[in-house]
Amino acid sequence: MSEIHGAVGAYVMNALDGAELDDFETHLADCATCQREVIEFRETASEMSLLSRTAPPPALKESVMAAIAGVRVLPPEVGAVDPEPVPVVAEVAPRRALDQLPVEPVEPVDPVDELAARRLRRTTRLLSLAVAAVTVVALVLGGWVVSLSQRPPVASATAETELLRAPDLKAYTIDLKDGGKATFIASKSLNKAMFSSGDLPALPGGETYQLWTLAGPLAAPTRVTPDALVAGGSAAKQWFTGPVAQSDALAISIEKAGGASAPTNVQGATAF
Amino acid sequence: MGISAVPSGPGGDASRTDPAARSEVMGRDAEAAHLAELVARSSRGHEEAFSELYDLTSSRIYGLVLKVLRSADHAAEVTQEVFVEVWRQSARYAPDKGSVLAWMSTMAHRRAVDRVRSVSSEVARDEHYAVTAVVREADHVWEHVEQKLDTERVRKGMASLTAIQREALGLAYFGGYTQTQVASLLKLPLGTVKTRIRDGLIGLRDALGVEA
Numbered sequence: 001m002s003e004i005h006g007a008v009g010a011y012v013m014n015a016l017d018g019a020e021l022d023d024f025e026t027h028l029a030d031c032a033t034c035q036r037e038v039i040e041f042r043e044t045a046s047e048m049s050l051l052s053r054t055a056p057p058p059a060l061k062e063s064v065m066a067a068i069a070g071v072r073v074l075p076p077e078v079g080a081v082d083p084e085p086v087p088v089v090a091e092v093a094p095r096r097a098l099d100q101l102p103v104e105p106v107e108p109v110d111p112v113d114e115l116a117a118r119r120l121r122r123t124t125r126l127l128s129l130a131v132a133a134v135t136v137v138a139l140v141l142g143g144w145v146v147s148l149s150q151r152p153p154v155a156s157a158t159a160e161t162e163l164l165r166a167p168d169l170k171a172y173t174i175d176l177k178d179g180g181k182a183t184f185i186a187s188k189s190l191n192k193a194m195f196s197s198g199d200l201p202a203l204p205g206g207e208t209y210q211l212w213t214l215a216g217p218l219a220a221p222t223r224v225t226p227d228a229l230v231a232g233g234s235a236a237k238q239w240f241t242g243p244v245a246q247s248d249a250l251a252i253s254i255e256k257a258g259g260a261s262a263p264t265n266v267q268g269a270t271a272f
Numbered sequence: 001m002g003i004s005a006v007p008s009g010p011g012g013d014a015s016r017t018d019p020a021a022r023s024e025v026m027g028r029d030a031e032a033a034h035l036a037e038l039v040a041r042s043s044r045g046h047e048e049a050f051s052e053l054y055d056l057t058s059s060r061i062y063g064l065v066l067k068v069l070r071s072a073d074h075a076a077e078v079t080q081e082v083f084v085e086v087w088r089q090s091a092r093y094a095p096d097k098g099s100v101l102a103w104m105s106t107m108a109h110r111r112a113v114d115r116v117r118s119v120s121s122e123v124a125r126d127e128h129y130a131v132t133a134v135v136r137e138a139d140h141v142w143e144h145v146e147q148k149l150d151t152e153r154v155r156k157g158m159a160s161l162t163a164i165q166r167e168a169l170g171l172a173y174f175g176g177y178t179q180t181q182v183a184s185l186l187k188l189p190l191g192t193v194k195t196r197i198r199d200g201l202i203g204l205r206d207a208l209g210v211e212a
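Chains as they are written, first to last, in this note's numbering: chain A, 1 to 272; chain B, 1 to 212.
Among these hints, one or two may not hold up.
What the hints assert, rightly or not - In silico lysine to aspartate or glutamate, DMTMM-like type, Cα no more than 25 Å apart, as pairs:
{"#": "1", "chain 1": "A", "residue 1": "Lys-61", "chain 2": "B", "residue 2": "Glu-31"}
{"#": "2", "chain 1": "B", "residue 1": "Lys-97", "chain 2": "A", "residue 2": "Asp-22"}
{"#": "3", "chain 1": "B", "residue 1": "Lys-97", "chain 2": "B", "residue 2": "Asp-114"}
To be verified - Using C-beta positions, here's what the derived DEER-type ranges look like:
{"#": "4", "chain 1": "A", "residue 1": "Pro-76", "chain 2": "B", "residue 2": "Glu-152", "range": "34 to 40 Å"}
{"#": "5", "chain 1": "B", "residue 1": "Leu-190", "chain 2": "A", "residue 2": "Ala-245", "range": "48 to 54 Å"}
{"#": "6", "chain 1": "A", "residue 1": "Pro-76", "chain 2": "B", "residue 2": "Ser-51", "range": "48 to 54 Å"}
{"#": "7", "chain 1": "A", "residue 1": "Glu-77", "chain 2": "B", "residue 2": "Thr-192", "range": "38 to 44 Å"}
{"#": "8", "chain 1": "A", "residue 1": "Asp-17", "chain 2": "B", "residue 2": "Glu-152", "range": "30 to 36 Å"}
{"#": "9", "chain 1": "B", "residue 1": "Ser-59", "chain 2": "A", "residue 2": "Gly-179", "range": "47 to 53 Å"}
{"#": "10", "chain 1": "B", "residue 1": "Glu-47", "chain 2": "A", "residue 2": "Asp-17", "range": "54 to 60 Å"}
{"#": "11", "chain 1": "B", "residue 1": "Thr-192", "chain 2": "A", "residue 2": "Ala-29", "range": "23 to 29 Å"}
These are calculated hints, taken from the structure and not from any lab test.
Glycine included, each C-beta is placed from N, C-alpha and C at the ideal position.
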């Protein structure tokens with residue numbers, strides 16, 4: 001037995017580190033013995049989970065059912081393997097306020113298989129606490145606030161639903177500089193993007209949040225266009241007005257009431 | 001695929017040949033087929049099928065994730081991620097690659113360890129405390145016989161392993177540690193740990209009669 005073959009157990013336990021994981025996955029692609037053991041060991045491991053059975057909090061089911069109502073089931077794979085998703089790693093701007101941006105890209109809501117998704121997660125380690133984009137989108141838009149008895153109607157053909165179902169939908173959740181989390185979802189094909197946040201901090205009078213669309217790399221944008229204004233204080237949801245199809249990044253800043261023509265206090269940005 | 005009875009032959013232990021054990025095994029196969037059917041119906045958009053799938057599997061998924069993360073809040077979040085992903089991917093579930101439970105718990109374990117590793121890089125875990133806690137909890141689970149036959153079966157399987165195999169498996173699976181961390185915690189060479197994990201899985205697989 002080759003040494004790499006011996007890693008199959010640790011692989012199934014998700015216990016391989018960095019380079020060895022890559023080596024093993026390369027080996028696995030061509031080793032029928034390891035492929036069979038992976039399948040057997042996964043069955044075995046799932047039996048181990050009998051030992052840790054714990055009833056989840058009852059509210060979780062409502063939350064899950066509300067979340068899936070806004071998520072499209074991916075079509076079956078018909079032979080072809082999905083292309084490897086391009087890791088979405090936003091560049092951090094080297095200049096002025098932009099270099100403090102908490103940029104936290106989340107995997108795009110593209111069809112990906114689990115392995116590809118994991119590779120993507122590996123390449124974007126800095127995601128850390130970010131919630132999976134699909135979940136965030138579903139929670140924010142699908143009805144976090146609704147109870148099981150009043151689930152959102154599945155068939156409501158709103159613009160949001162249309163955006164959520166866009167084949168090229170991308171979703172990113174970032175931590176804002178002065179607190180709060182923000183989610184940007186965007187579809188170039190629909191030329192639409194939306195900003196949403198469940199906990200956007202309130203601002204003192206005379207200040208407002210402002211959205212921006214940017215062209216070119218985040219580090220050195222070739223165009224920065226002022227977009228819609230957003231009020232702070234708890235939940236917020238706002239469509240971008242700008243040219244989404246011609247943009248490469250979205251941002252939010254704090255400005256004086258009425259908005260500005262160039263961002264001064266950038267709170268967060270993401271390439272998409 | 002899945003678990004099947006081995007009525008006779010070398011390696012088949014006596015318990016698997018008695019009628020009660022066999023009917024229990026067949027019950028598991030029927031249950032596995034039912035879960036596969038629920039996934040298939042979910043893939044056609046039937047939320048009530050998904051709801052039943054959730055009812056039948058959530059304690060397995062949530063319990064595993066909770067065991068790894070040891071935080072109810074994180075566990076609920078990751079469990080929700082897993083179920084949303086199961087819904088999204090339901091049309092892509094491939095029965096020839098394993099049972100529904102194996103598919104789901106693989107996904108759940110992966111996400112749980114990804115989460116625990118990214119979290120622990122920010123909030124450094126007290127490794128010593130963590131490992132004693134995990135081992136103690138695991139021992140607690142393995143020492144107390146549950147009523148459920150299937151749990152007892154797995155418990156027996158775990159008990160049939162050597163102490164090192166059991167500990168290495170427990171730290172990797174329930175503790176979410178990498179093999180390097182397991183080696184460091186057990187003060188064993190990495191190669192030894194790797195071998196013990198694989199041998200432990202082979203031992204458990206054979207004890208449970210898992211077949212691919």
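Output the numbers, in ascending order, of every earlier hint that fails for this structure.
-> 6, 9, 10
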